[in-house]
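Here the structure of chain A is known, so what remains is to put chain B in place on it, guided by the hints.
Sequence lines, in order, name chains A and B.
Just so you know, the first sequence maps onto residues 93 to 375 in our numbering.
Just so you know, the second sequence maps onto residues 93 to 375 in our numbering.
No lab work stands behind these hints, which were simulated from the structure alone.
Only true hints are included.
Covered stretches of chain B (chain A as the covering partner; in silico rule of three or more C-beta atoms under 8 Å from a C-beta of chain A): (1) 101-114; (2) 119-128; (3) 180-192; (4) 204-218; (5) 222-235; (6) 246-253.
Result set (EDC-like, lysine to aspartate or glutamate): computed pairs, CA atoms no more than 20 Å apart in a straight line: (7) A/K364 - A/E140; (8) B/K298 - B/D282; (9) B/K298 - B/E312; (10) B/K364 - B/D133; (11) B/K325 - B/D281; (12) B/K289 - A/E228; (13) B/K252 - A/D193; (14) A/K183 - B/D193; (15) B/K334 - A/D193; (16) A/K252 - B/D193; (17) B/K183 - A/D193.
Glycine included, each C-beta is placed from N, C-alpha and C at the ideal position.
Protein chains: 2
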Amino acid sequence: MPELLCFLNGRFIPLSEATIPVNDLGLQRGYGIFDFLRVTDGAPLFWEDHLDRFYQSAEMMRLSIRYSRDEMRSIIKELLQRNGLANAGIKLLLTGGPSSDGYQMTGETNLLISEQLIPPPPDTIFLPGYKLISYEHQRQVPEVKTTDYLMAIRLQPWVKENGADDILYHQNEMVSECPRSNFFIITKDDRLVTPAKNILKGITRKQLLAIASNIGIHAEERAISLNDVRNAKEAFITSSTKRLIPVTQVDDIFFAPFSEVSVTARLYNAFKEWELSAIHGYR
Amino acid sequence: MPELLCFLNGRFIPLSEATIPVNDLGLQRGYGIFDFLRVTDGAPLFWEDHLDRFYQSAEMMRLSIRYSRDEMRSIIKELLQRNGLANAGIKLLLTGGPSSDGYQMTGETNLLISEQLIPPPPDTIFLPGYKLISYEHQRQVPEVKTTDYLMAIRLQPWVKENGADDILYHQNEMVSECPRSNFFIITKDDRLVTPAKNILKGITRKQLLAIASNIGIHAEERAISLNDVRNAKEAFITSSTKRLIPVTQVDDIFFAPFSEVSVTARLYNAFKEWELSAIHGYR
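The shape of chain A in the complex, shown without the other chains (with noise of 0.2 Å):
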């Protein structure tokens, strides 16, 4: 397989090929955003609105991006062309740029575009589902997608050792999100309630309560402690790669296993026929 290309400042080039300079605030600062989609059956998936998020984030950070939207969906059509993959995720980074004296932004923003090879999801959902475990933190600047993981990449050993899949954050009691998803529960009485604030809002979370109702689902976006956790009925985590993920369990609090006739099983099958729907809108 040749080696794949991605769009770095304005020039499509071999990913190995590609390097930033040290002084870029992304490296010297941790100063940068980025977003992430997926590609499936060569179609970028719900890509208008990550681009949208992207546009936002960059905003809110004062970053700027010297592509206009319809030059940004220019160079997506073509590195998705080029590098010929049916089944991908992009990745679109965006850092401070060089600086001069190593703080302040002094220079022009630095704008990667790259793909990478992901399995598709399986074709059903995600069996048994993940173990989460609760750490207390709140991500800085939550509502933008910074390229902030500090946190979440230290704790990588310590969920490993604790035989858990994830990090379900929460603060004074109260749960936000894990590091790369959203989290939902379903009450006793089958509302589907996710945390409103605090979070990053995820795009498969913006598609999921669209489109709840139309499936006879109320949807709920407000505050979860953990004890809500503990009367939930069902959980799961949303993220643009892997859809719905079942979650068994978090820290002592454990969960039915999986049903088919679960109000997770309604919501993933009715997600799997509007991302196909989204598939065939982009063709």
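Structure of chain B alone, referenced to chain A:
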């Protein structure tokens, strides 16, 4: 002037040619640590302290350094000799290195040791001093010198708009530190007080606490509230590049103009003497 050299993963190369592959976790996920020391009259000031902290930071973030302490000293010495600058700053930067999935550490860390020309601190204390503006924020993993300056860089325009020189972080009315310096007050009974917790322990802070008693000043590390700041007689910040800088204002709290008979002045003079002995000790 010939171009400055840096040391990147085993080689001395011109700084302008130093680049890092884009898959580095420092760039992709903001995962890295650093340290910064001042070179004055050719001497790397308090470099054993800086090396102590650099190795500790690395350990706390589970990043490995491929050189021993002795090798690290030799590299810094050689860099100083090759570049021949009498007054400079040396930055040690260690990042998570390449990641095959963009999230987990799967390769060797990247180490960059760079030197930059910085003016020597002035011969007398920096006047009139700094106006600080408080901001509610607690740095994550505060005891480690990580590359996370997301909040500080994001707030730069806001600091400028408010006519301030720097930010003073606080949480629940308790102050901690500035983004790149430690904060001290002098109480009405001439005690030197600086926060004990939730801060990065600066090297100038450490040296100053050690020498205060030599000149008869009682030093305390303890929590400081914004109200304590309001009741303080003097305030200043410390950093490796700037020694002590008087604080003239924190929000609506004003301090009397700097005086040569102030406690801050006595501490500044004692620190300068101490710094001189450190320079002589290096030779």
